[in-house]
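Q: Protein chains in written order, with numbering that gives the first Met the number 0: chain A, 0 to 140; chain B, 0 to 140.
In short, the hints are calculated from the structure, not lab data. As the structure is a computational prediction, the values presented were derived from the model and not from experiment. By construction, the Cβ of each residue, glycine as well, lies at the ideal position given by its N, Cα and C atoms. Each hint should be verified, as a subset may be incorrect.
What the hints assert, rightly or not - Here are the simulated EDC-like pairs of lysine to aspartate or glutamate, each with C-alpha atoms no more than 16 Å apart in a straight line:
hint : chain 1 : residue 1 : chain 2 : residue 2
1    : B       : Lys33     : A       : Glu25
2    : A       : Lys33     : B       : Glu97
3    : A       : Lys53     : A       : Glu77
4    : B       : Lys67     : B       : Glu23
5    : B       : Lys33     : A       : Asp43
6    : A       : Lys33     : B       : Glu23
7    : A       : Lys33     : B       : Glu113
8    : B       : Lys33     : A       : Glu113
9    : B       : Lys71     : B       : Glu113
10   : A       : Lys33     : A       : Glu23
11   : A       : Lys7      : A       : Glu113
Unchecked claim - Not close to chain A: a few residues of chain B, all C-beta gaps over 12 Å, as computed:
hint : residue
12   : Val3
13   : His5
14   : Arg10
15   : Val32
16   : Tyr36
17   : Asp54
18   : His56
19   : Val62
20   : Ser105
21   : Phe134
22   : Ser137
There are 2 protein chains.
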Amino acid sequence: MFNVSHYKFGRFFDATYGSLTALEAEQSFPFGVKRVYYIYEVPDGTRRGFHSHKDLHQMLICVHGSVKILTKTPYEEEITELSSPDKGLYIGPMVWREMYDFTPGSVLLVLASEHYNVNDYIRDYKEYEKIATDFLKSEVK
Amino acid sequence: MFNVSHYKFGRFFDATYGSLTALEAEQSFPFGVKRVYYIYEVPDGTRRGFHSHKDLHQMLICVHGSVKILTKTPYEEEITELSSPDKGLYIGPMVWREMYDFTPGSVLLVLASEHYNVNDYIRDYKEYEKIATDFLKSEVK
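Generate coordinates for the entire structure from the input sequences, incorporating the hints supplied.
A: Written out as structure tokens, the structure reads:
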């Protein structure tokens, strides 16, 4: 769907040493990393997210456990289950997202293209719908 | 010790939504992030690392479970237990490191200042000892 894509990363696996996945900024995915955050200790049944960004590019990776991600525009929606440290979900600008079904102990790692900027968030779905509809009209010819 | 320091990061905690720790590159720690990697599914009893970098800056965070890190120069050594997602261990250039006591399911996240460069590694301890002794003589006056 628009501004959402799925990545399968490499994994250096060794029976003695374990697994390692390495991501090179601007090479493994098409943006630089200015912010890294991770979500953890999420209580059972929690649904979070409920926002879109105006300009931010993000890569979501569930490095432990699993989580489901709903991505949505006024025209389409998709559900992605992140259940392996070598799977990535890229979410670009103007996509609504909700995260849910965090398994106990799950850790969702997010790499973001910009530093935190409160003005880049759209947190009201009605407002998002209006802005995104206008945006996607000009974007998708 | 030389080129090793301990960080305590913030944590946005909410009883409903869970915890989130956010790291701003070049602000939360003094380098930009060009590479992100994570080590996982490490078998019980494994000890890994056994190298130094010549120029790389790294931040190590155990985002799930716990792990111990030995950092060492020819003149001093230290053991750090990373057991919480809000603890970080900075390791700069010319420090030998070994990682061990990975708990089952633990995930060690590493943020690195440069892309992968095979020539930046020193993997032989005797060679490291020699280079580091010369390096630290000029560094520590």
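Q: Please go over all the hints and tell whether each is borne out by the structure.
A: These are the hints, each one checked on the structure:
| no. | hint | verdict |
| --- | --- | --- |
| 1 | B:Lys33 x A:Glu25 | 8 Å, holds |
| 2 | A:Lys33 x B:Glu97 | 28 Å, violated |
| 3 | A:Lys53 x A:Glu77 | 19 Å, violated |
| 4 | B:Lys67 x B:Glu23 | 25 Å, violated |
| 5 | B:Lys33 x A:Asp43 | 34 Å, violated |
| 6 | A:Lys33 x B:Glu23 | 6 Å, holds |
| 7 | A:Lys33 x B:Glu113 | 13 Å, holds |
| 8 | B:Lys33 x A:Glu113 | 13 Å, holds |
| 9 | B:Lys71 x B:Glu113 | 22 Å, violated |
| 10 | A:Lys33 x A:Glu23 | 13 Å, holds |
| 11 | A:Lys7 x A:Glu113 | 23 Å, violated |
| 12 | Val3 | 20 Å, holds |
| 13 | His5 | 18 Å, holds |
| 14 | Arg10 | 9 Å, violated |
| 15 | Val32 | 5 Å, violated |
| 16 | Tyr36 | 4 Å, violated |
| 17 | Asp54 | 17 Å, holds |
| 18 | His56 | 14 Å, holds |
| 19 | Val62 | 5 Å, violated |
| 20 | Ser105 | 8 Å, violated |
| 21 | Phe134 | 26 Å, holds |
| 22 | Ser137 | 32 Å, holds |
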